[in-house]
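In this text, residue positions in the sequence shown follow the working numbering: the first is 1, and each later residue adds one.
Worth flagging that the hints you see were computed from the coordinates, not collected in a lab.
Small disclaimer: the values here were computed from a predicted structure and weren't measured.
Hints are supplied without guarantee of correctness; some may be wrong.
Simulated restraints, written as ranges between beta carbons of each label pair [said to hold, decoys possible]:
#, residue 1, residue 2, range
1, Gly68, Ala23, 15 to 23 Å
2, Leu84, Thr8, 19 to 27 Å
3, Asp25, Gly83, 31 to 39 Å
4, Pro97, Asp52, 22 to 30 Å
5, Arg24, Gly83, 36 to 44 Å
6, Asp25, His64, 16 to 24 Å
7, Leu16, Gly109, 27 to 35 Å
8, Val13, Gly63, 27 to 35 Å
9, Lys96, Pro51, 23 to 31 Å
10, Asp22, Pro81, 38 to 46 Å
11, Asp52, Ala107, 28 to 36 Å
12, Gly109, Val9, 31 to 39 Å
13, Leu16, Ala107, 26 to 34 Å
14, Ala103, Lys79, 29 to 37 Å
Simulated pairs of lysine to aspartate or glutamate, EDC-like, Cα-Cα distance not exceeding 20 Å [stated by the list, open to error]:
#, residue 1, residue 2
15, Lys96, Glu66
16, Lys79, Asp52
17, Lys96, Asp11
18, Lys108, Asp95
Note that CB positions come from ideal geometry on N, CA and C, so glycine has one too.
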Amino acid sequence: MAGRELLTVEDRVRLLVNAISDARDPPAVVKLFTPDANATWLISEVDPDDPDRLFGLCDLGQGHPELGYVSLAELSALKGPLGLPVERDLHFASDKPISAHAAEARAKGRIIA
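Modelling step: build the complete structure from the supplied sequences, incorporating the hints.
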């Protein structure tokens, strides 16, 4: 990935397919995180009408992970307390739907993936 690209072309295609498919509970495609803070995002879909608007499980490290929307541009610009940018977990592979990740995160108070 060049520069600050958090999503590959393949990721973008998978996110779009999840968004337009009939399946209502797709798996997470990508895991993003702050290496110098406790924030984590499991992204499962992209808004077909707005490629900057991502949907997934968002955990800002305050013990209240929730499903919702986040801006790709904002994530790309975000820096943690030590000035480190958001990174992509290159080894992440989801084996369950986003709702299962959300249920587990709510029970634990943070994303476990």
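(request) Would you pick out the hints that fail for this structure and give their numbers low to high? (result) none
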